[in-house]
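Which chain is which? The protein sequence lines are A and B, in order.
Per this note's numbering, residue 1 is the first one in the first sequence, and the count goes up by one each step.
Per this note's numbering, residue 1 is the first one in the second sequence, and the count goes up by one each step.
Please note: incorrect hints may appear among the correct ones.
Capping the alpha-carbon separation at 30 Å, the derived lysine-lysine pairs in DSSO-like fashion look like this [as the list claims (entries may be wrong)]: (1) B:K65 / A:K19; (2) B:K84 / A:K72; (3) A:K156 / A:K108.
Don't read these hints as lab results, they were simulated from the structure.
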Amino acid sequence: MEDIEKRFSSLLQQLEFEKSLKCDHEITDEMEKQEAELIKKGVIKDIDLDAVVKQTAQDFRDMCSEELAKFKFAPRTTEDDKRKDLKSLNRHLDGHLLLFIEHQLGDKFHWIVPQAAHRDGEALHETAMRALEENCGQQLKVRMLGRAPWGFYKYKYPKDVRNNGVEGAKVFFFKATHISGQVQLVPGRNKDFKWLASNNVFDIKPYEYSDSISQFMLSCRR
Amino acid sequence: MNRLKVLRQFQKFNLLPTLRRTCYTFEPEYLQDKSTEVDSYDTLNVQIKSYDFPVLENFQKFVHKTAENMGIEVEDCWATPAQKLLVKKLKQHSPVVDCEYEMTVYERNVQIVDVPSTVGAVFLDILHEALPEGVKVRVHEHQDEHEEIRYVPDLELIQLKTELETLGGPSKKKH
Chain A
1 MEDIEKRFSS LLQQLEFEKS LKCDHEITDE MEKQEAELIK KGVIKDIDLD
51 AVVKQTAQDF RDMCSEELAK FKFAPRTTED DKRKDLKSLN RHLDGHLLLF
101 IEHQLGDKFH WIVPQAAHRD GEALHETAMR ALEENCGQQL KVRMLGRAPW
151 GFYKYKYPKD VRNNGVEGAK VFFFKATHIS GQVQLVPGRN KDFKWLASNN
201 VFDIKPYEYS DSISQFMLSC RR
Chain B
1 MNRLKVLRQF QKFNLLPTLR RTCYTFEPEY LQDKSTEVDS YDTLNVQIKS
51 YDFPVLENFQ KFVHKTAENM GIEVEDCWAT PAQKLLVKKL KQHSPVVDCE
101 YEMTVYERNV QIVDVPSTVG AVFLDILHEA LPEGVKVRVH EHQDEHEEIR
151 YVPDLELIQL KTELETLGGP SKKKH
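Starting from the given sequences, assemble the full structure and let the hints guide the process.
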């Protein structure tokens, strides 16, 4: 934060503190402290013994702060985070993970999102579900977020592959949230898979591909 | 407007009939095609629960504002009475109570009406991405029981009714 932002936020906090009301704990604490002072001075002579035995507000506060010191918060980074195991889902708990597969397109392997060619008579969202099943196995359970595509990317095939008037491909992206299960790669066209943290989506090359993915992902920053 | 006046003047002089067709509007046929109409959800309740009160209230404000910005009609938003839990922490390997905590689960509901299915998917995704820590979201269709929970039960009335039933029902029965 800038200096002026710090000063302003501290001013707002001070204002909020001054306008706020005291809670029960604070009131009892103050009253007990006043009583203790008066007893010291000797103003109040008859002390109610039962009242003295019970826990004062200050004791309660000390007990609570002791307990807080003993309490261990659950770690935010898991073991898989430290090991940088890209295949596990138990990482990056405060962010999102995106599935990428090393898929064979032509004669080279590229890191892409699970992809399948559209067949005639099939709806686009059905192609998307089929792409996931064919490449990642049956175990992976997902919930599709709507039947309409979320993103779009087009690319041209290399010149030696272009024939019969087919210049390239148009890729439509669909979004789905993971419910349960892990990816089981169907061997052949797939070499490897990884769950990439959504902050690192631009590690995927080419840039235009990851850019078109980041367009519909709120968690991917440019 | 000027063009229409000029065209009407031409019509008076009975020029080529093709000029008259320029007055008509053309609407492409696919606009009447029913297959492009989008279904919409009836009434959905976005139920938010959390232990942390200010975070919850702020998130409810966010949900309401986002819905309004996306053109979704927000019909109603209400707070359901909090659920109070007593959590007892036991000492290891024994039933002795170490300490007790009183936790309250606060709840807020936002009711949205007539959401087109295309917009609904985007809205749900935004809720996913913007969900703060410690807050649970559940989106479901509105049912009568959700309405019933909001009302405070009249214990006196229920007690009198049970007494009446034990005594043998009302004296005058409706036919």
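We went through each hint and held it up to the structure:
1. Simply put, B:K65 and A:K19 have alpha-carbon atoms about 27 Å apart, close enough for the 30 Å limit, and the pair holds.
2. With a CA separation close to 24 Å, the supplied pair B:K84 and A:K72 stays within the 30 Å bound.
3. Between A:K156 and A:K108, the direct Cα distance comes to roughly 15 Å. Compliance with the 30 Å bound is thereby established for this hinted pair.
Going through the hint list in order, the structure satisfies each hint without exception.
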